[in-house]
Amino acid sequence: MSKSSNNTILSPFAGLLLALAILFQYLLPWWSVALASAIAAFLLAGSAGSAFRVGTIINVLVWFMMAFWSHWRSEGILTTKIAGVLPLGGSAVVLFVVTLVVGGLIGGLGALSGFQVRQLVKK
Amino acid sequence: MKVVKTLVTVGITVGLCYALNRGWGTVPPMGNFLSPFTGFWTNAEAIAPKSEPQVLNISGLQDEVTIEYDETGVPHIFAQNDHDLYLAQGYITAKDRLWQMEFQTHFAAGRLTEIVGEKALEQDRYQRRMGSVFGAEKSFEGMMEDPKGKVALEAYSDGINAYISQLKPRDYPVEYKLLGYAPEPWTPIKSALFLKNMSFVLASGTDDLRMTNILGKYGKAVAEELFPNYPFKESPIIPEGTPLDFKPIPLPKAPVDFVGIGSNKVAEERDKGIGSNNWAVGGEKSVTGLPILSNDPHLTLSLPSIWYQVQLTAPGVNVYGSTMPGTPNVIIGFNNDIAWGVTNVGADVVDWYQVKFKDAKKEEYWHYNQWKKIQKRIETYTVKGGKTVVDTVLYTHHGPVVYLDNEKPIRDNIPTGHALRWIAHEKSQELSAFYHLNRAKNYDEYVKALGYYSAPAQNFIFASNQNDIALWVNGKFPLKAREQGKYILDGTNPAADWQGFIPQLHNPHVKNPKRGFVSSANQSSTDPKYPYYINWEFAPAERGRRINTRLQTMNKATVDSLRELQNDNYNLKAEDWLPTMLSFVKKPTQKQMEALRVLQLWNKYNNPDEIGPTLFAVWVDLLNNAIWEDDFGYDKNIPMKSPSHARTLQLILKQPNAAWFDDLRTKDKKETIEELANVTLNATIDSLTKWQNAPIGTAWAWEKYKSTDIKHLIPGLDALSKMDVKIGGGSGIVNATTGRTGPSWRMIVQLGKDKSVKGYGVFPGGQSGNPGSPHYDDMIETWRKGELNSLLFLQNKEEKSERIKQTLVLKKK
Chain A
1157 MSKSSNNTIL SPFAGLLLAL AILFQYLLPW WSVALASAIA AFLLAGSAGS AFRVGTIINV
1217 LVWFMMAFWS HWRSEGILTT KIAGVLPLGG SAVVLFVVTL VVGGLIGGLG ALSGFQVRQL
1277 VKK
Chain B
1040 MKVVKTLVTV GITVGLCYAL NRGWGTVPPM GNFLSPFTGF WTNAEAIAPK SEPQVLNISG
1100 LQDEVTIEYD ETGVPHIFAQ NDHDLYLAQG YITAKDRLWQ MEFQTHFAAG RLTEIVGEKA
1160 LEQDRYQRRM GSVFGAEKSF EGMMEDPKGK VALEAYSDGI NAYISQLKPR DYPVEYKLLG
1220 YAPEPWTPIK SALFLKNMSF VLASGTDDLR MTNILGKYGK AVAEELFPNY PFKESPIIPE
1280 GTPLDFKPIP LPKAPVDFVG IGSNKVAEER DKGIGSNNWA VGGEKSVTGL PILSNDPHLT
1340 LSLPSIWYQV QLTAPGVNVY GSTMPGTPNV IIGFNNDIAW GVTNVGADVV DWYQVKFKDA
1400 KKEEYWHYNQ WKKIQKRIET YTVKGGKTVV DTVLYTHHGP VVYLDNEKPI RDNIPTGHAL
1460 RWIAHEKSQE LSAFYHLNRA KNYDEYVKAL GYYSAPAQNF IFASNQNDIA LWVNGKFPLK
1520 AREQGKYILD GTNPAADWQG FIPQLHNPHV KNPKRGFVSS ANQSSTDPKY PYYINWEFAP
1580 AERGRRINTR LQTMNKATVD SLRELQNDNY NLKAEDWLPT MLSFVKKPTQ KQMEALRVLQ
1640 LWNKYNNPDE IGPTLFAVWV DLLNNAIWED DFGYDKNIPM KSPSHARTLQ LILKQPNAAW
1700 FDDLRTKDKK ETIEELANVT LNATIDSLTK WQNAPIGTAW AWEKYKSTDI KHLIPGLDAL
1760 SKMDVKIGGG SGIVNATTGR TGPSWRMIVQ LGKDKSVKGY GVFPGGQSGN PGSPHYDDMI
1820 ETWRKGELNS LLFLQNKEEK SERIKQTLVL KKK
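Protein chains in written order, with the numbering used here: chain A, 1157 to 1279; chain B, 1040 to 1852.
So here's chain A without its partners, still in its complex pose (with noise of 0.2 Å):
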């Protein structure tokens, strides 16, 4: 299997990492998000751009699905209230985007470290 192919959403790199990232956020605290993005680009991360760019993108469809379904479910009735305890002028939008780009980012930047980690392993 080329590690080239690994540079989509829909690799089995992308696979690994989505089924991880649920499996550890729902059995480990939230951190866990980082951890599992490592492993899936320790694994089969092919090149550093991918693995930031495939670990932010999952964990942000991961996120979004989570969040979305929470505020679908209860018709929003929390989310307004936390966009208005958190400086957010009560909008939900924002909230929505500030957790997407802490989840991201995490997401990425732990499967970045976890590419870089096994470039260091392998030589």
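Treat the hints with care, since some could be wrong.
Here are the simulated DSBU-like pairs of lysine-lysine, each with C-alpha atoms no more than 35 Å apart in a straight line [to be verified]:
| # | chain 1 | residue 1 | chain 2 | residue 2 |
| --- | --- | --- | --- | --- |
| 1 | A | Lys1278 | B | Lys1044 |
| 2 | B | Lys1292 | B | Lys1256 |
| 3 | B | Lys1041 | A | Lys1278 |
Just so you know, these hints were derived from the structure itself, not from any lab.
Dock chain B against the given chain A, drawing on the hints supplied.
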């Protein structure tokens, strides 16, 4: 190179994770808080709850328990024994209110520093130095002595812990995530702490220091004249002429007059809107021929709500009502035979004793002609972040020396260098009182249950389907000479000590009075003929007078007519004051004209859109202030109390030329009451114009001025609060809704024979403490409109009702 790059990336990742995993000041641990796997997102509840029955396995249960939730989220608990009943109550209450239960008991225990850090230290210190933990420990001892109370207390605690133990961090109530901490196991003593805190809320008021400062400045004659021991307009709780059914024991001899040195440390004051109403009409006054009972305790309006409704059913008990999360049993409610409710008495149960220490070491104090040993109690505070602070509190036989002379109290009514004697330090069994009230079937059982109750003293109102109505002014009252404790007492004189307690059966009470109703609204418990001393001053008489006038003329009362009385916005104080105030404005200026017209046309109802209540409230306050500030408020370092508004009005009417009206701060001028009235009317108009930046008009509406907010328990979380609720009423109004306080639970019970009792109720909040639940605040609108929900009272778990939305079965593990 690669190594460096990798270290940098890993470093940034780990560093960011660390930074987002901890809180920074008031910023929550954002990573955890925002994660949709663990954060606030998981606290949002689906709008339509699951309808299929849920089964949970709970350790510690002896048998199966069924819980039916109705459409407002009220749990109806059916257990097969007392133990399981209270275990389930603990479990279910924690499920809806865990954070609040823990937060309130942390507050009561002086442990807020553990949650919010150093900034809570002074508050925590105040709480503990007043002896609330000391009192809770004693009270807990008392509660555990009653075997039934012990079962309830321990099972309730086990239920809460059964709930806590199965929580994963993602399940924690959102406030834990916001403040970044985790729930700790519950302990039975926390229930005692919670109840002690009710004494703090309702029975810690103390004017002894302010009165002593007045005594020092003006002497006894003036103090007694301006601060009389019975108001000139009153309608006491126990109707005048009610015969005594006991032989009073003699009062102790009054200690010799003592003028304390007082104290001069300052800080802020406490809330005045706390009080309550209750009444019951007998069968001859009701449309059903049986009593109807009403109660609305006025407390600080908060979210999560202070009350939590529940129905508790087990062999020997079937009761519905409001509970206080943190304690087992129903506090205000009804069963098939009786209904009961409470209002605060406001007894003089807080006394201060000037301490004479032997020397600067403060190890001995003078009492009864000898040096006695000071006891020391070490209080340890754990501050968030790991630091601990240790504090030693000195105790005389009276109680704790709350602040030493070199310390600055958090509140300005607390004297330094004085020992506190407080009823909340006594061993007590309040829980047993509620346990037995929940099961009482008639008047005698109600009276027996009250015997267990100590503090905070309450006016317990009662009605039964045997057509009895009654009211006991009940609690443990120290046996004192009249007005003993109006001023600071001499801590060296044994005659100034509390000399035992008023026998409980001698507490003021009335059963089936001729007038056909009983009522209380925190006013004077009795007329001056009652043989014991309870307090020299109670809440202003207006609410009580209004309620009694309305009930006097009410016939064929229904639930609805009593509900209307609960929502009565009539301003009796305005009726008393306004004609006199208006008569002082003889030549109105252009500016005064408009305001006068509004006040003259005002029907004296504090309805939300009226401007009259705003003008009156500001004017009467400014006028009272103008009369007394130069005499009692001239120096912030010598806190004094101003005469009551009622006494002031009496002075205006009876002695319009009294020297008190002269403003001592203007040397060459002698003011009259007429001048003060005119000056303060102008000031009223000016300050309101400035406040809204608009002339008199809709911008001055009462609801805008009063601005009722129902706030989350954490200060500053307006987004989780209900702000600017449009509702009338006010302080001294039967509908006692002020800016921050108000009817915290409104209940009306129509008694009935053969299990036909009907209950109605609402509180300004919701059953759930979770801001992400539809039941967080879904009763507020009903409450605001003055409506009540019909309360679902099931006879057994087999009874079907369309209102049951979800069933939960608890099975033993």
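Right, here's what the structure says about each hint:
Taking the CA atoms of lysine 1278 of chain A and lysine 1044 of chain B, the gap is near 15 Å; set against the 35 Å cutoff, the hint holds. Annotation: proposed proximity of lysine 1292 of chain B to lysine 1256 of chain B holds, straight-line Cα distance about 26 Å (limit 35 Å). Using a Cα cut-off of 35 Å, the hinted pair lysine 1041 of chain B and lysine 1278 of chain A holds, with the two alpha carbons roughly 12 Å apart.
Going through the hint list in order, the structure satisfies each hint without exception.
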